[in-house]
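Visitor: With chain A's structure known, arrange chain B on it following the hints.
In the order they appear, the protein sequences are chains A and B. For what it's worth, the working numbering labels the leading residue of the first sequence as 141, then goes sequentially. For what it's worth, the working numbering labels the leading residue of the second sequence as 5, then goes sequentially.
It is worth saying that the hints were derived from the structure and are not from the lab. Nothing false has been slipped in among the hints.
Rough simulated footprint, nothing fancy, chain A against chain B, three-plus residues with beta-carbon under 8 angstroms:
no. : region
1   : 20-33
2   : 50-60
3   : 134-145
4   : 152-162
5   : 233-239
Cβ atoms here follow ideal geometry from the backbone N, Cα and C, with glycine treated the same way.
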Amino acid sequence: MSVNEKSFSCHRISEGIAEGEVIVSKDDIMFYLINPETGEVIEKGHDLEGKSIAGKILVFPGGKGSSVVQADGLYQLAMKQNAPKAMIIQNPDTVLVSSAIIMEVPMVDQLDEAFYAELKEGCKVRVDANSEQVVFI
Amino acid sequence: MELTKFEREMLEGKHGEGTAIAMKIQAAIGDSFHAKRMVPITRAHVALSNQEADLWFAEKLLKAGAHCKIPPTVNPGFNLNYFTSAGKVTDEFASLMQRTHNTYKALGAVLSYNCTPYIQTNVPFFGEITAFSESSATPYINSVWGARSNREAAQSALCAAITGVVPEYGLLLDENRFGDILVNVEADIKSDFEYQLLGYMGKKIGPGIPVFTGLPTPITPESFMNLGAQLNTSGAYGMYHVLGVTPEAPTMEAAFGGKEPKRIVTITNDDLKEILSQISEPGEQKIDFAMFGCPHFTLRQVQIIAERIRGKKLAVEMWILTSSHTKEMADRMGLLETIRESGGDIVSDTCPDQPCWHYLSGKTGITDSPKCAYYPKRRGLNFIIRDLETCIDAALKGEID
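In isolation and in its complexed conformation, chain A is listed as follows (with noise of 0.2 angstroms):
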């Protein structure tokens, strides 16, 4: 690791090691209400909507929605190789844990204060769920 690098400690919840640019959404996510041939966010009103998380490291509070869909949407963005190269939350539930183990997404959370303080949209990070580490690279 070099000088310039910042590490955070975080919690494992689906393994995997992904690095990308980051997007956040202040807003729970519906993967449904995602369209899986761009991965851009179609919810109306959504801290998203317009703006695509395909292929990065997704950053928001946790899951919502009906228990098949989550994963569905997850899945149908995965087959168009838009999916999140892994995401970092802040609210487990069982409908989204289990949809980001299932899809094999890495997903990590119990991330520190700081680390929601250096985030800047646009920068990027690598995500090691396996060592419970986030770094800014």
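Guide: For chain B alone, coordinates are given in the frame of chain A:
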């Protein structure tokens, strides 16, 4: 998480690759919620819903040799015989439903194709540990029966049915079942319909376990069904209490575990009126069809419709979605004949959010359920939402005043 010898063997593949995949997923879910151990379940319900991701996952487990230890009841997709013989589905969609059927049959599921198992085919007892997915099902068994389940995904509930265990966390533990939010209902609750709107207040109620007060008793099973279904359309709720009614809330002390509510929310007539105007298409227009049964209608609800339309002709198509048991009872009791004579029909094993309804795309229907209006929007169906009696009268006239 500490696993027993038997659970470790499942994880290591000694009981087959399919069981190992299911156990690995459950262990990961348990770790993420800091569960200390697994506990056995005696019931499960899988909300399959004929969705592609669910089929992909179920086929993957089946190919790896999985079989259900606890045969789960399952949600509807669409009634394959009914809609293929009516020519209402493409070969592609028929094949999706056929594969779902074959896969769950081979996995050893109970092919109930019904989203209200908790009042008919899969009824738990107080304190029973279960794995229930489905919007209206999880809150009903936790809140009304006092059984225990986390708000499972369809896929995590299937894993539990295969391994016969669930990680112990959340609503399985006494300390997590107390109320957080006191919800004072000042709105007039006159019928099952007001529970549809009360349930849709998720945004105002906020996250946590709501404790409702001010609701007139007795409360019907259909009211509880509606409340849970809509709470999990407007938000994410595994459980609620009704003070003095549901079994774990005889008193404020019991409902909140001796603590103060974290939040107090009041629901008024204006709140219900406002939410209805937000989620319903405007009234005073012609309608193309009527759809009921999201969640699946009970025999009592079928009776209400049959009595109101007996001897009259419906101006538009009327679809009543029920379990196969309810349809059989309606047939025996002559209700099905009455409804068919008026031009309507009862369809079993079918959900409103399915490709069999694509022929109604771009049309406007009437329903008593906000959930029925919400998900099929993605398929181009528009809905006016009203109480059941108003819906029936609109179907007789072909328009809504």
